[in-house]
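Enquirer: Chains as they are written, first to last, in this note's numbering: chain A, 1 to 130; chain B, 1001 to 1130; chain C, 2001 to 2118; chain D, 3001 to 3118; chain E, 4001 to 4097; chain F, 5001 to 5097.
It should be emphasised that the hints constitute simulated quantities derived from the structure, not laboratory data. Using N, Cα and C, we set each Cβ at its ideal position, and we do this for glycine too. Warning: the hint list may mix true and false statements.
[To be verified] Among chain D residues calculated to face chain A with C-beta under 10 Å, some are:
{"id": "1", "residue": "H3015"}
{"id": "2", "residue": "P3016"}
{"id": "3", "residue": "H3054"}
{"id": "4", "residue": "L3056"}
{"id": "5", "residue": "G3057"}
{"id": "6", "residue": "C3058"}
{"id": "7", "residue": "R3059"}
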Amino acid sequence: MRIAIVVRSGPASSQSSRSALRFTQAVLDAGHDVHRVFFHGDGTYNANTLSVVPQDEEDLSASWAALGREHDLDLVICVASALKRGMLDASEADRYERPAASVRPEFVISGLGQLADAALDADRMVTFGG
Amino acid sequence: MRIAIVVRSGPASSQSSRSALRFTQAVLDAGHDVHRVFFHGDGTYNANTLSVVPQDEEDLSASWAALGREHDLDLVICVASALKRGMLDASEADRYERPAASVRPEFVISGLGQLADAALDADRMVTFGG
Amino acid sequence: MAHLLFHLRTPPHGHPAGEEALEAILATSVFEPPLTVLFEGDGVFQLVRSQDVHALGCRDLAANWSALPVYEVTDLRVHGPSLAARGLTPEDLLLDVTVINDAELAALIADVDRVLSF
Amino acid sequence: MAHLLFHLRTPPHGHPAGEEALEAILATSVFEPPLTVLFEGDGVFQLVRSQDVHALGCRDLAANWSALPVYEVTDLRVHGPSLAARGLTPEDLLLDVTVINDAELAALIADVDRVLSF
Amino acid sequence: MATLHLINKSPTRSDALASCLRVLAPGDALLLIEDGVYAAVADSTGSQALLGHVCHALAADIAARGLQTRLADGVRVIDEAGFVDLCVHCDRVMSWF
Amino acid sequence: MATLHLINKSPTRSDALASCLRVLAPGDALLLIEDGVYAAVADSTGSQALLGHVCHALAADIAARGLQTRLADGVRVIDEAGFVDLCVHCDRVMSWF
């Protein structure tokens, strides 16, 4: 079964990012496909490469990136939400004359068409956060 | 009268940053002193220099910075909250080997002692967000 | 194509959920799927008439909601009990909507394929 | 010195307010002001015994609350009606606290100089 | 020794208003801001808690939500300057989330 | 055509649970996660809404909050694998905030 996951909260501000990560891992463990993880609104903060998490706490952003690499996940952050929150890749940073990219390379910045596509194509869609 | 203001929400995630900004302006208009504006938790996102706000919307982070310059305000962001959220000045970016600073120069990164000091020294303290 | 339900239960202006929902609805309408927008709980406040954001200086979301029919998004349902609990009637709303009760809402949920929550 | 009231009404783990309050309380205790910590509403859940974060992998906030007396933060008040509405009694809590009713809470508020809300 | 109580959440999104009203003292002031103003809508479940209380609400927040003509009795609309006045005239400000 | 309803907010922080229960259909499943599990505490105001309903709650969220021995009758504790099972066996998932 193909399951799409939507994350609407940031890793430092709510438990929802952790819930979504644990659920995503469980979906993979059960042998299902993760169709896409779409990060919307504050969820885009999960892609942040600048965050510095205390050593005795899990770095959820790094965990998402690692899970993405391991399973070749489609981790997409919403461009409209991302720009407002200073989540930029190299090309956005260049276009808007900001000093650096702030998005980890495992994440792709794209439009809300990717959310629509996930909703239409996946067998299930589960939303975390809000 | 010396009034301290605490901001606990980010500019893209809640109305509270806007409320705090309007209140701060009104305090100044009434001839009172703003003792300090302390940005805690998600409030630290107000210092973000990387955010790109649509042209037809107010850039609250830029408005805070402008108000701070105009009135020489003490705009302090909590270091513990800031690091977790990737809000870094040049020295923090250097120390943690991140590619760039993300905090506007009008904001100072400091510890929670500045919150305690504001609570103890100001005549009033008003908290926004949460 | 899958029937999508956009479920709004956050009120406007305090949080960006309404704005995010609106952008997602417009982006989705391009694919022309069966699409229903449900306003329930505090979400019914999204559609209140006479919202005037001039003094506050925030985004005029109501104007965007008004434009939904232009994008051929016309299946708009409002949960009647949510409206009544908030002292509102359908005449207080800026769009022509279908008011539904609990049983009709339960039937709607059972009828759609995927739910997007805001 | 000003009497400070730290008011907690957010429950643990869902949001970082408890963690932020705890750090602020410890940073403030260094100045040794008159300092009261109030657990009210869902904030009473911060002090529930037997919190086990091992499976979830989040920060063990309860261990930090337990250490408050070590920092000589000892004036801890819990709103009794909030506790009762949540099916809890003082025996369910991990610290020795003073349980107060509505009138005592009103008197406490009138007695402090500044309130910090979490 | 009056307190200004500040409420910024809808009554369905927090028990802040109900909890605050339990301990409101004579002379205290109550101000609804942001989504807190939804409690001020006439004939709503939220506004029943306010019956018999005088409260203030911020004009810009009410206008943005289209509630100008829909307010319960006893709600006094003020602007940010009035907010600062309340803050100065009370002895402390308590924010309930 | 069953629905899995997901609740992640405390009953004092959202009317999500109460609203969801109004429209719960026979065969639907209800899962409490994150702060949603506070509604499952025995003898609490929040758990009264659940009386007569079977609901599920996530084990890790309950343990983190110290609620293991404080649950109301009718609450079934499951892990993330059980969450995925519910998701697969229901026809759709609806998150209430």
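Enquirer: State for each hint whether it applies.
Expert: Results for each hint:
1. H3015: This interface hint holds because 6 Å falls under the 10 Å limit.
2. P3016: It holds, given that the least Cβ distance between D:P3016 and chain A is near 7 Å, below 10 Å.
3. H3054: violated (13 Å)
4. L3056: holds (7 Å)
5. G3057: holds (6 Å)
6. C3058: Since chain A brings a Cβ to about 7 Å from D:C3058, closer than 10 Å, the hint holds.
7. R3059: holds (6 Å)
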